[in-house]
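If you want the building blocks of each chain, they are given just below.
Number of protein chains: 2
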Amino acid sequence: MPAYHPYSEAEAVELARTVEGVFAPGAELECTEIGDGNLNLVFHITEPATGKGLIVKQALPYVKVFGESWPLSVDRARIEGEALKIQHSLAPELVPQVYFTDQEQAITVMEDLSSHVIMRKGLMEGTLYPRFASDISTFLAQTLFFTSDLGMSQQEKKLRQQSFVNVELCQITEDLIFDEPYREHERNNYEDSIADEALALRTDAALHLEIAVLREKFLTRGEALLHGDLHTGSIFALPDSTKVIDPEFAFYGPMGFDIGAVIANLLLNFAGQEHWSPEADSRKQYREFLTETVRGVWTQFAAKFRTLWDEHGKDPVFSVAEGFQDLYMNRLLQDTAGFTGAKMVRRVVGFAHVADLDAIPDDAVRERAKRMALAIGKELIKRHRTIASIEEVIDIALTASAR
Amino acid sequence: MPAYHPYSEAEAVELARTVEGVFAPGAELECTEIGDGNLNLVFHITEPATGKGLIVKQALPYVKVFGESWPLSVDRARIEGEALKIQHSLAPELVPQVYFTDQEQAITVMEDLSSHVIMRKGLMEGTLYPRFASDISTFLAQTLFFTSDLGMSQQEKKLRQQSFVNVELCQITEDLIFDEPYREHERNNYEDSIADEALALRTDAALHLEIAVLREKFLTRGEALLHGDLHTGSIFALPDSTKVIDPEFAFYGPMGFDIGAVIANLLLNFAGQEHWSPEADSRKQYREFLTETVRGVWTQFAAKFRTLWDEHGKDPVFSVAEGFQDLYMNRLLQDTAGFTGAKMVRRVVGFAHVADLDAIPDDAVRERAKRMALAIGKELIKRHRTIASIEEVIDIALTASAR
Chain A
1 MPAYHPYSEA
11 EAVELARTVE
21 GVFAPGAELE
31 CTEIGDGNLN
41 LVFHITEPAT
51 GKGLIVKQAL
61 PYVKVFGESW
71 PLSVDRARIE
81 GEALKIQHSL
91 APELVPQVYF
101 TDQEQAITVM
111 EDLSSHVIMR
121 KGLMEGTLYP
131 RFASDISTFL
141 AQTLFFTSDL
151 GMSQQEKKLR
161 QQSFVNVELC
171 QITEDLIFDE
181 PYREHERNNY
191 EDSIADEALA
201 LRTDAALHLE
211 IAVLREKFLT
221 RGEALLHGDL
231 HTGSIFALPD
241 STKVIDPEFA
251 FYGPMGFDIG
261 AVIANLLLNF
271 AGQEHWSPEA
281 DSRKQYREFL
291 TETVRGVWTQ
301 FAAKFRTLWD
311 EHGKDPVFSV
321 AEGFQDLYMN
331 RLLQDTAGFT
341 GAKMVRRVVG
351 FAHVADLDAI
361 PDDAVRERAK
371 RMALAIGKEL
381 IKRHRTIASI
391 EEVIDIALTA
401 SAR
Chain B
1 MPAYHPYSEA
11 EAVELARTVE
21 GVFAPGAELE
31 CTEIGDGNLN
41 LVFHITEPAT
51 GKGLIVKQAL
61 PYVKVFGESW
71 PLSVDRARIE
81 GEALKIQHSL
91 APELVPQVYF
101 TDQEQAITVM
111 EDLSSHVIMR
121 KGLMEGTLYP
131 RFASDISTFL
141 AQTLFFTSDL
151 GMSQQEKKLR
161 QQSFVNVELC
171 QITEDLIFDE
181 PYREHERNNY
191 EDSIADEALA
201 LRTDAALHLE
211 IAVLREKFLT
221 RGEALLHGDL
231 HTGSIFALPD
241 STKVIDPEFA
251 FYGPMGFDIG
261 AVIANLLLNF
271 AGQEHWSPEA
281 DSRKQYREFL
291 TETVRGVWTQ
301 FAAKFRTLWD
311 EHGKDPVFSV
321 AEGFQDLYMN
331 RLLQDTAGFT
341 GAKMVRRVVG
351 FAHVADLDAI
361 PDDAVRERAK
371 RMALAIGKEL
381 IKRHRTIASI
391 EEVIDIALTA
401 SAR
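These protein sequences, in sequence, are chains A and B. Using our numbering, you'd call the opening residue of the first sequence number 1 and step up by one each time. Using our numbering, you'd call the opening residue of the second sequence number 1 and step up by one each time.
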C-alpha cells in the first residue's frame with residue numbers, strides 16, 4: 001500500500017469509480033476540489049449525465065489558518081470515519097452514508113450532500129428550518145443515548161471510549177474554548193471596539209470559577225460519544241432535511257457539550273439578527289423562530305432521550321432508581337446551559353469566530369451584536385449550575401436583546 | 001517466546017535468579033507458593049543465607065471462588081505491573097519496587113514484603129498504626145494528583161487513561177458494589193439473622209437513588225488512575241511502615257472511590273470492635289484510634305493534595321479560578337463519603353465479605369456488628385451529596401455505635 005500522500009483530482013476520481021452502486025462503469029465524471037485547504041481536501045465528484053455524485057474527503061497532516069501552519073495527525077480521519085458510521089447507524093436520515101474509508105490515506109468516501117446548504121449560511125439568509133429542532137433532537141438523543149452507559153453494553157462502551165481518544169482535537173477545544181478567552185493570549189482575536197469586554201473577561205472571578213467547572217467536566221466526563229464540534233457550520237440543512245457532518249472532534253465527553261453547541265450557534269445567530277433582520281418586525285419574528293427552536297431542541301431532546309431510556313435502558317440500577325432520571329436530565333440541562341455560554345463567548349473574543357457576527361458590515365451594529373452575544377454567554381456560564389428550565393436560557397437571551 | 005502457562009516453583013526460582021542485584025550468583029534459594037490459588041500464583045523466593053527475598057506473581061486465566069470458576073483475562077497482570085511502577089515512582093516508600101514484568105506470562109517480579117502484616121489482620125489483632133493516616137494520605141495525594149488533569153500533561157493523561165481501560169475488573173466492581181446488594185441476586189451472601197436488613201435494601205428508594213448517582217460517577221468520571229481496590233487486605237503494614245499492593249483493578253475513575261475504600265475498611269473494623277475489643281474501655285480506645293485515623297486520612301489527604309495543587313498545578317485555569325479548589329475538595333469529600341458507604345454495605349450482604357465481621361465467632365455479637373456496619377454505610381450513602389466535613393462521617397459512625 002502506498003504511503004500517505006495528498007490525492008490529486010485524478011486519483012480521487014479513480015477511487016470514486018471503485019465505489020459500488022454509485023456510478024455506472026465507464027461513466028464520465030467531473031471533479032472539483034471544494035475544501036478550504038486548511039484542514040482537508042474535499043473532492044466533489046459528479047456524473048453530469050445522471051446527476052449522481054459523492055464526496056472524497058482526505059485529511060491533511062497540518063492545519064493552516066491565517067498563513068500559520070501547524071502539524072496535526074491524520075488519525076482524525078479514522079475518528080471521523082468511525083464516528084460517521086456509528087452516527088449513521090443510529091440516525092440514518094440525519095448523517096451521510098459512508099461508502100469507504102482508507103485509514104492509511106486518511107480518506108473517507110461518503111454521500112454527496114451538495115443539494116443542501118450549510119445551516120449557518122441559511123440562518124444568515126433568513127431561511128426558516130421548521131424541521132430542525134425535531135431532526136437535531138433526534139440526532140442528539142439517538143447518538144448520545146446509544147453510545148452511553150445508559151443505552152449500550154457498558155463493557156463495549158469502555159472499548160469504544162478507548163478507540164475514540166482524540167488527544168489533538170480535544171486540546172484545541174480545551175485551549176480555544178476553556179482557557180484562552182479568559183486571559184491574555186496571542187491567539188485571542190477581537191475588535192478594538194469591544195476591547196473593554198475582552199479585558200473584563202480576564203478579571204471576572206465568578207466567570208473563571210464556572211469556566212473551571214465546565215473545563216473539568218470536559219476533561220473528565222466520558223458520558224457518550226460526542227460529535228464534538230456541532231455548530232451550524234457542521235450541519236447541512238434544507239427546510240425539510242438535516243444532515244450532520246464533520247465529526248472529527250468526536251470523543252467520549254459530557255453530553256451537554258453537543259447540545260450546548262447547537263443552542264450556542266442558534267443564539268449567536270439570534271444576536272446577529274441586529275443586522276440580518278434590519279426591520280424590527282421581521283427581527284422579532286426571526287428571533288421567535290430561533291428561541292422556539294432553542295426550546296424545541298431541548299424539550300424534544302429531553303422527551304426523546306427519556307423515552308429511549310424507558311424503552312431501551314440497559315442499566316439495571318439506573319432504570320429502577322426512582323428520581324434518578326429527573327436528576328440526570330436536570331444536570332444535563334445545567335451542563336448544556338454552561339457549555340452554550342462557553343461556546344458563545346469564545347466566538348466573540350477567541351481565535352475562531354462565526355460569520356453570523358463577523359460578516360455584519362456596519363461597525364456599530366456588529367459591535368452591538370457582539371456585546372449581546374457576550375452578555376448572553378457570560379450569563380449562561382455564571383448561572384449554569386442553578387438553571388432549572390430551558391425557559392431560563394431563553395429569558396437570558398431575550399433580556400440581553402431588550403437592553 | 002513460549003506461550004502463557006502457569007509457572008512451576010522451579011521455573012519461578014529460575015526467573016528469580018535472572019533479577020539483577022537481589023541474589024548472589026549460584027545462591028541457594030527456597031520457594032513457597034503463598035497465593036490463595038483463586039486469582040494468582042504468588043511465589044515467595046528467599047535466600048536463607050542472607051534473608052533476601054522477592055515475590056514472583058503470576059495471574060491465572062480464571063477466578064475461583066467457592067468452587068466456581070470463571071475466565072478472566074491475564075491482561076490484569078499488565079495493568080497491575082504498570083500501575084505498580086507508576087505508583088512506586090510517585091510514592092516510592094509506600095509501594096513495592098517492581099524488578100521485572102513479562103506480559104506474555106502475566107508475571108510481575110517485585111520486592112519482598114514478608115516482614116509486613118496484612119493490615120486487616122493487624123487491625124483485628126488490635127495493632128495500632130500511628131503512621132497509617134500519614135502514609136496512606138501521602139499515597140492517595142501523590143498517586144491521585146499526579147495522574148490527574150491537575151498534575152500531569154492533559155494530553156499524556158488521555159493516553160494513559162486509554163492504556164488502563166480495565167473492562168473485566170471494573171465490571172466486577174460495578175456488579176458487586178453498585179448493583180447486586182440492592183436487589184435479589186444469586187451472588188448475594190448474608191446470614192439469616194440479618195435477612196430483614198438485606199430485604200430492606202431492596203425497597204429503599206432513597207438509597208437506590210444515591211447508589212445510582214455513585215454508580216454513574218464510577219462509570220463515567222475519568223479523574224485519576226485509581227488503585228481500584230484499596231481495602232485493608234491490599235495494604236501491608238507495620239506500625240512504622242505502609243505498603244500498598246495489588247492494584248489489578250487500576251483504571252481511570254473518580255478519586256473518591258480510592259479514598260472511600262480506605263475509610264470504609266477502617267469503619268468496617270470499627271463495627272467489628274464489638275468483638276475484637278471485648279472490654280468497653282479498650283473498645284472505646286481502639287475506636288478512637290480508628291476514628292482519629294479516618295479523620296487523619298481525609299484531613300491529611302486534603303492538605304497534601306491542596307499543597308501539590310498549589311505547588312505543581314499544571315492547569316492554567318484551575319490554578320487561577322478563585323474558589324475552584326474549595327469546590328473541588330468539597331465534591332471530593334462528598335464522593336468519598338458516598339463510596340465509603342457503598343463499600344461498607346456490600347461487605348455485609350454482597351458476594352465478598354471481610355474477616356473483621358465474618359470472623360466474629362459469637363452469633364449475637366456478629367449480628368450486632370453487621371447491623372452497625374450497614375447502618376453506617378446506608379447513612380453515608382444517603383447523605384453523601386450534602387456532607388460538608390469529615391466530622392459528619394465520624395459522627396455517623398459514632399451514632400451507629402452508640403445505639
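Just so you know, the hints here were simulated from the structure itself, not pulled from any lab data. All of these numbers come straight from a predicted model, not from anything done at the bench. Any given hint could turn out to be false.
If several chains are the same, the list does not tell them apart, and a pair holds so long as it fits within one copy or across any two.
What the hints assert, rightly or not - Listed next, the in silico DSBU-like pairs over lysine-lysine satisfying Cα-Cα at most 35 Å (straight line):
(1) Lys382 to Lys217
(2) Lys52 to Lys64
(3) Lys314 to Lys64
(4) Lys217 to Lys121
(5) Lys217 to Lys85
(6) Lys64 to Lys158
(7) Lys121 to Lys52
(8) Lys52 to Lys314
(9) Lys382 to Lys52
(10) Lys85 to Lys158
(11) Lys121 to Lys284
(12) Lys217 to Lys52
(13) Lys382 to Lys304
(14) Lys52 to Lys158
(15) Lys85 to Lys284
(16) Lys121 to Lys64
(17) Lys158 to Lys382
(18) Lys64 to Lys217
(19) Lys314 to Lys217
Hints versus structure:
When the C-alpha separation of Lys382 and Lys217 is checked against a cutoff of 35 Å, the pair qualifies both within a copy, at 15 Å, and between copies, at 24 Å. Proximity of Lys52 and Lys64 under a CA criterion of 35 Å is satisfied intra-copy only: 31 Å inside one chain copy versus 61 Å between copies. In this assembly of identical chains, Lys314 and Lys64 lie within 35 Å of each other by CA distance solely across copies; the values are 28 Å between and 44 Å within a copy. Only within a single protomer do Lys217 and Lys121 lie at most 35 Å apart by alpha-carbon distance; the minimum there is 31 Å, versus 40 Å between protomers.
Taking CA atoms no more than 35 Å apart as the test, Lys217 paired with Lys85 passes in both settings, with 26 Å inside one copy and 28 Å between copies. In this assembly of identical chains, Lys64 and Lys158 lie within 35 Å of each other by CA distance both inside one copy and across copies; the values are 34 Å within and 25 Å between. Taking the shortest Cα distances, Lys121 and Lys52 sit within 35 Å of each other inside one copy (24 Å), while across copies they are farther apart (75 Å). Proximity of Lys52 to Lys314 under the C-alpha cut-off of 35 Å is found in neither arrangement, the shortest distances being 41 Å within a copy and 52 Å between copies.
Taking the closest pair of Cα atoms, Lys382 and Lys52 never come within 35 Å of each other, the shortest separation being 49 Å inside a single copy and 61 Å across copies. In this assembly of identical chains, the alpha carbons of Lys85 and Lys158 lie at most 35 Å apart whether taken from the same copy (18 Å) or from different copies (23 Å). Proximity of Lys121 and Lys284 under a CA criterion of 35 Å is satisfied intra-copy only: 19 Å inside one chain copy versus 74 Å between copies. Within a single copy, Lys217 and Lys52 get their C-alpha atoms no closer than 44 Å, and across copies no closer than 48 Å, so neither meets the 35 Å cut-off.
In this assembly of identical chains, Lys382 and Lys304 lie within 35 Å of each other by CA distance both inside one copy and across copies; the values are 28 Å within and 30 Å between. Proximity of Lys52 to Lys158 under the C-alpha cut-off of 35 Å is found in neither arrangement, the shortest distances being 39 Å within a copy and 42 Å between copies. For a Cα distance limit of 35 Å, the shortest separation of Lys85 from Lys284 qualifies neither inside one copy, at 40 Å, nor across copies, at 63 Å. When the C-alpha separation of Lys121 and Lys64 is checked against a cutoff of 35 Å, the pair qualifies only within one copy, where the shortest distance is 22 Å, while the shortest distance between copies is 63 Å.
With identical chains, the CA atoms of Lys158 and Lys382 are at most 35 Å apart both within one copy (33 Å) and between copies (28 Å). Taking the shortest alpha-carbon separations for Lys64 and Lys217, only the intra-copy value of 29 Å comes in at or below 35 Å, while the best inter-copy value is 39 Å. Within a single copy, Lys314 and Lys217 get their C-alpha atoms as close as 24 Å, and across copies as close as 17 Å, so both meet the 35 Å cut-off.
In this structure, the hints that do not hold are numbers 8, 9, 12, 14, 15, in rising order.
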